[in-house]
Amino acid sequence: MDFLKLSLFEIKQKLESNEITSEELTKMCFNQIKATQKLNALVSTCEEFALSTAKKVDQKRKNGEKLGALAGVPVIIKDNINLEGTRTTCASKFLENFVSPYTATCAQKLLDADAVILGKANMDEFAMGSSNENSAFGPVLNPVNQDYVPGGSSGGSATCVKANQCFASLGTDTGGSIREPASFCGVVGLKPTYGRVSRFGVVAFASSLDQVGVFSRTVKDNALMLQVISGEDQEHDMTSAKMPVPNFVENLKTDIKGMKIGVAKQFFDDKLNSEVKQSLENALKFFEQNGAILVDVNLPSLDVASSAYYIISSAEATSNLARFDGVKYGFQAQNFDGIIDLYFKSRTQGFGPEVKRRIMLGNYVLSSGYFDAYYRKAKRVQKIIQQEFAEAFEKCDVMICPTVATTAFKLGEKTDDPVAMYLSDIFTVPINLAKLPAMSIPCGQDKKGLPIGMQIIAKQWNEQAIFDVANFFEQSTKEAK
Amino acid sequence: MYKVVIGLETHCELKTSTKCFCACKNQFGGEPNTQCCPVCVGMPGALPILNKTAVEYAIKAGLAVGCKINEYSVFERKNYFYPDLAKAYQISQLEYPLCVGGGVEIEVDGTKKFIRLDRIHLEEDAAKLVHSKTGPKVDYNRGGVPLIEIVSMPDLSSAEEAVAYLKKLRSTLLYLGVSDCKMQEGSLKCDVNVSVHKEGEPFGTRTEMKNLNSFSAIFRAIKSEAKRQQEELEKGNKIVQETRRWDDVLGKSFSMRTKEDAQDYRYFPDPDIIPIHVRPNYVESISKQLPKMAQERAQIYVNDFGLTEKDAVLLTDDKYISDYFEAILQDFNEPKFVCNWMLGEVFKKLNALEQEDTEILISPQNMAKLLKLYKSETIGQSVARKLLDELWGTDKNPEEVVKEQGLTQMSDTNQLEGIIKAIMDENPKAVQELKSGNNKTMAFFVGQAMKKTAGKANPKLVNEIVQKLIK
Chain F
1 MDFLKLSLFE IKQKLESNEI TSEELTKMCF NQIKATQKLN ALVSTCEEFA LSTAKKVDQK
61 RKNGEKLGAL AGVPVIIKDN INLEGTRTTC ASKFLENFVS PYTATCAQKL LDADAVILGK
121 ANMDEFAMGS SNENSAFGPV LNPVNQDYVP GGSSGGSATC VKANQCFASL GTDTGGSIRE
181 PASFCGVVGL KPTYGRVSRF GVVAFASSLD QVGVFSRTVK DNALMLQVIS GEDQEHDMTS
241 AKMPVPNFVE NLKTDIKGMK IGVAKQFFDD KLNSEVKQSL ENALKFFEQN GAILVDVNLP
301 SLDVASSAYY IISSAEATSN LARFDGVKYG FQAQNFDGII DLYFKSRTQG FGPEVKRRIM
361 LGNYVLSSGY FDAYYRKAKR VQKIIQQEFA EAFEKCDVMI CPTVATTAFK LGEKTDDPVA
421 MYLSDIFTVP INLAKLPAMS IPCGQDKKGL PIGMQIIAKQ WNEQAIFDVA NFFEQSTKEA
481 K
Chain E
1001 MYKVVIGLET HCELKTSTKC FCACKNQFGG EPNTQCCPVC VGMPGALPIL NKTAVEYAIK
1061 AGLAVGCKIN EYSVFERKNY FYPDLAKAYQ ISQLEYPLCV GGGVEIEVDG TKKFIRLDRI
1121 HLEEDAAKLV HSKTGPKVDY NRGGVPLIEI VSMPDLSSAE EAVAYLKKLR STLLYLGVSD
1181 CKMQEGSLKC DVNVSVHKEG EPFGTRTEMK NLNSFSAIFR AIKSEAKRQQ EELEKGNKIV
1241 QETRRWDDVL GKSFSMRTKE DAQDYRYFPD PDIIPIHVRP NYVESISKQL PKMAQERAQI
1301 YVNDFGLTEK DAVLLTDDKY ISDYFEAILQ DFNEPKFVCN WMLGEVFKKL NALEQEDTEI
1361 LISPQNMAKL LKLYKSETIG QSVARKLLDE LWGTDKNPEE VVKEQGLTQM SDTNQLEGII
1421 KAIMDENPKA VQELKSGNNK TMAFFVGQAM KKTAGKANPK LVNEIVQKLI K
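If you read the protein sequences in the order shown, they are chains F and E.
When the count follows my numbering, it moves up by one through the first sequence with no breaks and lands on 481 for the last residue.
When the count follows my numbering, it moves up by one through the second sequence with no breaks and lands on 1471 for the last residue.
Calculated from the structure, these hints are not laboratory results.
Predicted, not measured: the structure shown is a model, and the values here were computed from it.
Warning: the hint list may mix true and false statements.
[As the list claims (entries may be wrong)] With a straight-line cut-off of 20 Å between C-alpha atoms, the simulated DMTMM-like cross-links for lysine to aspartate or glutamate are: (1) E/Lys1137 x F/Glu24; (2) E/Lys1168 x E/Glu1359; (3) F/Lys328 x E/Asp1139; (4) F/Lys447 x F/Glu232; (5) F/Lys328 x E/Glu1031; (6) E/Lys1167 x E/Asp1318; (7) F/Lys60 x F/Glu24; (8) E/Lys1025 x F/Glu235; (9) E/Lys1375 x E/Glu1400; (10) F/Lys356 x E/Asp1264; (11) E/Lys1189 x E/Asp1247; (12) E/Lys1078 x F/Glu24; (13) E/Lys1133 x F/Asp372; (14) E/Lys1349 x E/Asp1389; (15) F/Lys379 x E/Glu1095; (16) F/Lys377 x E/Asp1139; (17) E/Lys1137 x F/Asp341; (18) F/Lys328 x E/Asp1264; (19) E/Lys1182 x E/Asp1155; (20) E/Lys1052 x F/Asp372; (21) E/Lys1052 x F/Glu232; (22) F/Lys345 x E/Glu1095; (23) E/Lys1137 x E/Glu1185.
Taking the hints into account, I'd like the entire structure generated from these sequences.
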């Protein structure tokens, strides 16, 4: 039996029934990581730490001790999440040799649940990108077809799950960085409500939009993972919300009768690839046939969301990345003459081109004389988009749209055209601006065999509705196969 | 005739037990980099948590100077690169500060004046650059310490007023107990804005001098800058808006940077810190807890102790002095007598020491003992003064010192008569003068008697004996 192909829940059961030990499983995962090394999904592994954790969990199980919800399950985290004693590079030359002095809350929660962390996933540098081609350590290849990009910025986190290197992974999503790679690689990827998961220890890109989320092979796996990493982090993150964490798994509904699904025409315009459009329409039809009610909703300001997003996220990124100055830690240029030269050379040599582009954009929109015209206006647009979503959710329980207008593109196809690259995010970015939860789940494939992703959006704190709809779809389509 | 316009930005470190945005200790001194964590050294991924006590202290300060406390307040990032700024931005406030308005009343040469405040906001301190033989080093212990910036309106019109304003602010903050206000340790610092203009004309261009950390530096810097600007204008030159560095040793300021190369701080709301909502009933509860301030104490000194208003104000100006005065009264309840001693001898001593931060190096208990000896005429005034010097910086018991050194006042009439007779025999001329009605000569005899008795002669008795002998 190929244990590595099982879902998280299935492997949990195998571990519980002692069909396999965590140590054996962990070793299998490392073999798989080596066998699929070409995908370049990971920046680093922590084999020793993983094996010692696995052995401890096995021992605990033997002793009949109480075990966490993820006991012995191998997982991977994105390389912008601090884990004490491991390198946290953010796929940047700047942090190539940076070893975390502390552990992020979300990683700690995985450890507290007895999960086995295998390593750190490759990504676009500082989470800026939509193809994972901006990594200082080389691009990640799409496991479905290696000529294609896996999406970004959490390309490594999506790939490692699809390539059976682990059973679930953590990524971060600022404008689509979980959902877009989930769509391109054909896995389940959730960006929770902003504030659901603590950001403490997660290297910030745009603090008001960043959110940690989960990649998995099934919806139910995703729900369990979210349950584990969620919750207020009073001591470390003021933006983590004081909201109860529901038992998403137990609450999963088995039917969707009477559920109202909102469809906004703005998501289905001419730019949409016809195969993607067809696939989404089929899915909507399926929901309707199973008792859901389709409702037209309107999001008139959707077309300006991307502009607002790039202004706000770049402004925050400029400030968040200013601490990388070559003084305290990380990359330091050689042969500098004075402090200004040290800053200049370290940052020039340490950052990649996309990061520099965003830093320049961010400084521009915050600078004196431009602040009102750009930053303040973008924040107003954000408010309007939030209101439009709030009004739409008065009429429906969830909204459904494509995750991305296309399927995965070829490596190198868009690297010379940043604007075309930015357009990969047009359906995902508004969700971050509105601070809503959204998931991408596979809903078909194109003629080339590349996965198509469906995005399910809910109102704040209602991840449960997303899990319900997604689980129903996943289970029904699995049976159909 | 030129008018001088001055505005002050006063930075005051709050003495909370922990830092503004993390759980590290807020304590002066300490081995370098022993009071820091991923948050205050700006590690990737670390996030700030606002210290509620810092907010409470800032609100206290605001209430004490009559500010309006904003119900909605926002922290912003002030972005600039400097090695002492770990995150390359300082968490501060711009658009929505905690406190706005208010003001303090000052008095210079008997004239009272109200100095309006623009605002008080809360922010974090930067770390400290330490210059060592192997090059510059950064000590992050101070990084992230909470401080309030108190911004005055340009209502001050002389260096004297500026210093009076600062002393009033310092006194208020000390009474509140929210800061140590130790200028030497840098817990109170000032940025000074100065401009000059001719009467009837609009305000002139201002210059700024940063980080002045003593009253005398502030005083001299303002005088010097106002003079420099007047001279420039007299020469027909324009004043350039710029930041200047005050060199206290040379007594001169130097241009640092002009407006053109001024930093663009690119302020924007800090997305890591949720805006704070200060509820009116919270403000009210803080307001009820405010301690008695200088004015209230002075009122008590006048009403209950019978001190003059002037003396009461002098004693309460500095909380330290007032606390010390009240501590003496615990052991020796003679307010008027203690007041005279404090305002006379102790103030003279403190003035001579020229400390920036007042400190009386004798315990109030020992001071009370000393004063008991003095009041009961066990010792005379000159011995009392001598003891003040001798006990300073020690914890010697004055009763024992008097006993050991035999400093008890000489009040034996026969013994004193013998000594005075001898003095008269040696100075017939002085006796003649006294007899002829020159009362000033009396001082000579008292002085001589003191000399012969090592200051122990009871001056009152000496006076009486001399009067008796020349009859």
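Evaluation of the provided hints:
no.: 1; hint: E/Lys1137 x F/Glu24; result: violated (49 Å)
no.: 2; hint: E/Lys1168 x E/Glu1359; result: holds (18 Å)
no.: 3; hint: F/Lys328 x E/Asp1139; result: holds (11 Å)
no.: 4; hint: F/Lys447 x F/Glu232; result: violated (44 Å)
no.: 5; hint: F/Lys328 x E/Glu1031; result: holds (18 Å)
no.: 6; hint: E/Lys1167 x E/Asp1318; result: holds (9 Å)
no.: 7; hint: F/Lys60 x F/Glu24; result: holds (15 Å)
no.: 8; hint: E/Lys1025 x F/Glu235; result: holds (16 Å)
no.: 9; hint: E/Lys1375 x E/Glu1400; result: holds (17 Å)
no.: 10; hint: F/Lys356 x E/Asp1264; result: holds (19 Å)
no.: 11; hint: E/Lys1189 x E/Asp1247; result: holds (15 Å)
no.: 12; hint: E/Lys1078 x F/Glu24; result: violated (52 Å)
no.: 13; hint: E/Lys1133 x F/Asp372; result: violated (47 Å)
no.: 14; hint: E/Lys1349 x E/Asp1389; result: holds (8 Å)
no.: 15; hint: F/Lys379 x E/Glu1095; result: holds (15 Å)
no.: 16; hint: F/Lys377 x E/Asp1139; result: violated (40 Å)
no.: 17; hint: E/Lys1137 x F/Asp341; result: holds (17 Å)
no.: 18; hint: F/Lys328 x E/Asp1264; result: violated (23 Å)
no.: 19; hint: E/Lys1182 x E/Asp1155; result: violated (25 Å)
no.: 20; hint: E/Lys1052 x F/Asp372; result: violated (31 Å)
no.: 21; hint: E/Lys1052 x F/Glu232; result: holds (18 Å)
no.: 22; hint: F/Lys345 x E/Glu1095; result: violated (34 Å)
no.: 23; hint: E/Lys1137 x E/Glu1185; result: holds (19 Å)
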